[in-house]
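A.B. asks: Going line by line, the protein sequences match chains A and B.
FYI, in my numbering the residues of the first sequence are 2 to 195.
FYI, in my numbering the residues of the second sequence are 2 to 195.
Be a bit skeptical, because a hint or two may be false.
If several chains are the same, the list does not tell them apart, and a pair holds so long as it fits within one copy or across any two.
Below 27 Å or equal to it, Euclidean Cα-Cα: the simulated DSSO-like pairs (lysine-lysine) are [what the hints assert, rightly or not]:
id, residue 1, residue 2
1, K103, K121
2, K121, K148
3, K103, K82
4, K121, K184
Because the hints were derived from the structure by calculation, they are not lab data.
None of the values given here were measured: they were computed from a predicted structure.
Number of protein chains: 2
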Amino acid sequence: MKTRTRILQATLNLLEASQGVGGKGVRMSDIATQAGISRQAVYLHFANRAELLIETTYYLDRLKDTEARLAASRSAETGVKRLNAFIEAWGSYIPEIYGTLKALMAMKDTDPEAAEAWNKRMQDMREGCEAAIKALHRDKTLSPDYKPDLATDILWTMLSVRTWEHLTTECGWPQTAYIKHMKALAQKVFVASA
Amino acid sequence: MKTRTRILQATLNLLEASQGVGGKGVRMSDIATQAGISRQAVYLHFANRAELLIETTYYLDRLKDTEARLAASRSAETGVKRLNAFIEAWGSYIPEIYGTLKALMAMKDTDPEAAEAWNKRMQDMREGCEAAIKALHRDKTLSPDYKPDLATDILWTMLSVRTWEHLTTECGWPQTAYIKHMKALAQKVFVASA
DNA sequence: CAATTAACTTGACACCGTGTCAATTGACAG
DNA sequence: CTGTCAATTGACACGGTGTCAAGTTAATTG
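Could you build the full structure based on these sequences and the hints that come with them?
C.D. replies: As C-alpha cells, this is what we get:
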C-alpha cells in the first residue's frame, strides 16, 4: 500500500474514532503514528493539514462510491419518489462520513481552502435538493406555498449536516428515526396535499 | 467603569465585529488592547478564555434583558399565538447575540466548561420550544402527526442557531424573511389543519 | 506621614500544535 | 559505483494560551 494511501486511511480511522469518543482534534503527529511514519513525512505528501483533510474527503468519496449512491434518486420516476430516495441516500451517507466532515467543518472557520472545499461539497448537495424539488415541480406536486428556489433552500437546510448532528446528538434520535421523520416532514412541507 | 466590565464590553465589541468581517478568532491580546489593559491583566479577572466567553454571554443577557423578551411569548393566549411570539422573540434575538454564540460554539468542541455553558443555554431555549408545543397541545391544535416530545425536538432543531446561520449566511435570507418563513413553516408543520 | 494593599504593568518563559529546513540513511536502478 | 527517491532525525520559528516574579502606582488606613 502506498504511503500516501496509508496516510489517508490513517486520517480516516482517527477522525472516525475521535468523533465517537473524545472529539478532540486529531493532530498531524497522531496521523503519522497511525500511518507508521514520522510526523514530518506527512508533509512530503500533503502541503498542510487542510490539504490532507480535503484529500481525505475525496478518498472517502472513492471508497464509499458516492456517485453510485446518488444515482438511485436520479432514476426515480415521480418527484415524490425522487425526494424520498434522495433523503434516504443522503441521510444514510451522512453518518458514514460525519467524522471527516466534522473536521472539515471545524477547519473551514480558519482556513480558506478548507472553506472552499466545504462550500463545494455543500453546493453539490444543494443540487441534489434542487433536482428533487424541480422533479416535484414538474409533476405539479410541489406545494403551492413554495416557489422552487425557496423550497430548495428549506430542504437544503433540513438535510444539512448540522441538522442531522442536532437531531442525532442533541435529541438522541437513532439513525432510523432520522430518516423516517425527515421523509415524513419533507412530504408534509413540500408535497401539495391531494 | 469597572475593569471587569470594560473587558466584557471589549470582548463583546470584538466578537460582534469579527463575526461580520474576517471571522477569525479573537485573541486574548486583542481583547486586552481593546479594554485598554495588558494581556496578562485579563487573567486577573477571568481564569481563562472559556470563562471569559461564558461570562460575556451572561453580560449580554443582562444588557439585552433576555428575560423580558421571552415574557411576551409566555403571556400569549392561544397556543398558535404563543408559537408565533416565541419564534419572533427568539428569532430576533439570535442576530443580536450571534457573534458571541459563535465563539462559544467554536470553543465547546475543545473546552468542556464551554460545552456545558452552551448546553445549558440550548436547554433553556428548548424549554421555550416545549412550552409553545405544550400550549398547542392543550389547545388541541397540535398536529395529530406529532406527540409533544417529537414536535419539540423538531421545533428546537428548526430554531437552532445553526439553522439560522445556514439560512441567513448560506442561503442569504434577510432576517425578515427568516422570521416570516419560520412562522409559516412552524404553522404548517405543527398546527393541526382546520 | 508612613505602611499597607489592591490593581495593574513588564518581561520572561513553558506548553502545544503547525510547518520548515538541513543533514543523514537505506534501498533500488541503471 | 553512482544517483535518486523516500523516509528519518533533530532542530527551530511562529502564534496563541496561560503562568510567574518583580516592580509601579494610587488609594486606604493606622
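A.B. asks: Run every hint past the structure and note whether it holds.
C.D. replies: Do the hints match the structure? See the list:
1. Both within a single protomer and between protomers do K103 and K121 lie at most 27 Å apart by alpha-carbon distance, with minima of 15 Å and 22 Å respectively.
2. Taking the shortest alpha-carbon separations for K121 and K148, only the intra-copy value of 24 Å comes in at or below 27 Å, while the best inter-copy value is 38 Å.
3. Proximity of K103 to K82 under the C-alpha cut-off of 27 Å is found in neither arrangement, the shortest distances being 30 Å within a copy and 37 Å between copies.
4. Proximity of K121 and K184 under a CA criterion of 27 Å is satisfied intra-copy only: 25 Å inside one chain copy versus 30 Å between copies.
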